[in-house]
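Protein chains: 2
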Amino acid sequence: MYVIVAYDVNVDRVNRVKKFLRQHLNWVQNSLFEGEVTPADLEEIRMGLKKIIDEDEDMIVIYRLRSADAMKREVIGVEKSSMDEVI
Amino acid sequence: MYVIVAYDVNVDRVNRVKKFLRQHLNWVQNSLFEGEVTPADLEEIRMGLKKIIDEDEDMIVIYRLRSADAMKREVIGVEKSSMDEVI
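Chains as they are written, first to last, in the working numbering: chain A, 1 to 87; chain B, 1 to 87.
Bound-form chain A, shown alone:
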């Protein structure tokens, strides 16, 4: 499956969240990652994020899609990552 992950976490934890997600997904822009994952990968991501964030203060949204084909991705402005090469 394909996931889009967006986070809104306290500045004290931003770097840890980013570093963790980089190990599993592709960085798109500030606070936004994407990537193809297995159900096991996704569970690892969930568990890892829960260990890092404060669940009473931080928020992470995970959008799960059947595959990358289920969405069209469009960028306005500067392309900060090199996702188009990845997809």
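Mixed in with the good hints, there may be bad ones.
Since copy identity is lost for identical chains, a pair holds within one copy or between any two.
[Unchecked claim] Straight-line distance between alpha carbons at most 35 Å, and here's what the computed DSBU-like set of lysine-lysine pairs gives:
1) K50 x K72
2) K19 x K51
3) K19 x K72
4) K80 x K19
No lab work stands behind these hints, which were simulated from the structure alone.
Since chain A is already given, all that's left is putting chain B on it; use the hints.
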């Protein structure tokens, strides 16, 4: 169709982008909006954002889905918006 919009823009323009998107979509969390739109709405969003942002510096990603059913939305941590009531 359904769109997820994430922005990474210079702090000087963040408030204008947020205020603009609030008129068209539902706020999810910092830098993230979602909503059902018509093709005409989407074109209005694109044009409006292009007027506000600096396309050499800012980045906005728009994910287009056939409908909200094409994705599953999962939140880890605190729910900052009331999107679940909306969807």
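Results of checking the hints against the structure:
1. With identical chains, the CA atoms of K50 and K72 are at most 35 Å apart both within one copy (29 Å) and between copies (19 Å).
2. Taking CA atoms no more than 35 Å apart as the test, K19 paired with K51 passes in both settings, with 13 Å inside one copy and 33 Å between copies.
3. Both within a single protomer and between protomers do K19 and K72 lie at most 35 Å apart by alpha-carbon distance, with minima of 26 Å and 25 Å respectively.
4. Taking CA atoms no more than 35 Å apart as the test, K80 paired with K19 passes in both settings, with 17 Å inside one copy and 23 Å between copies.
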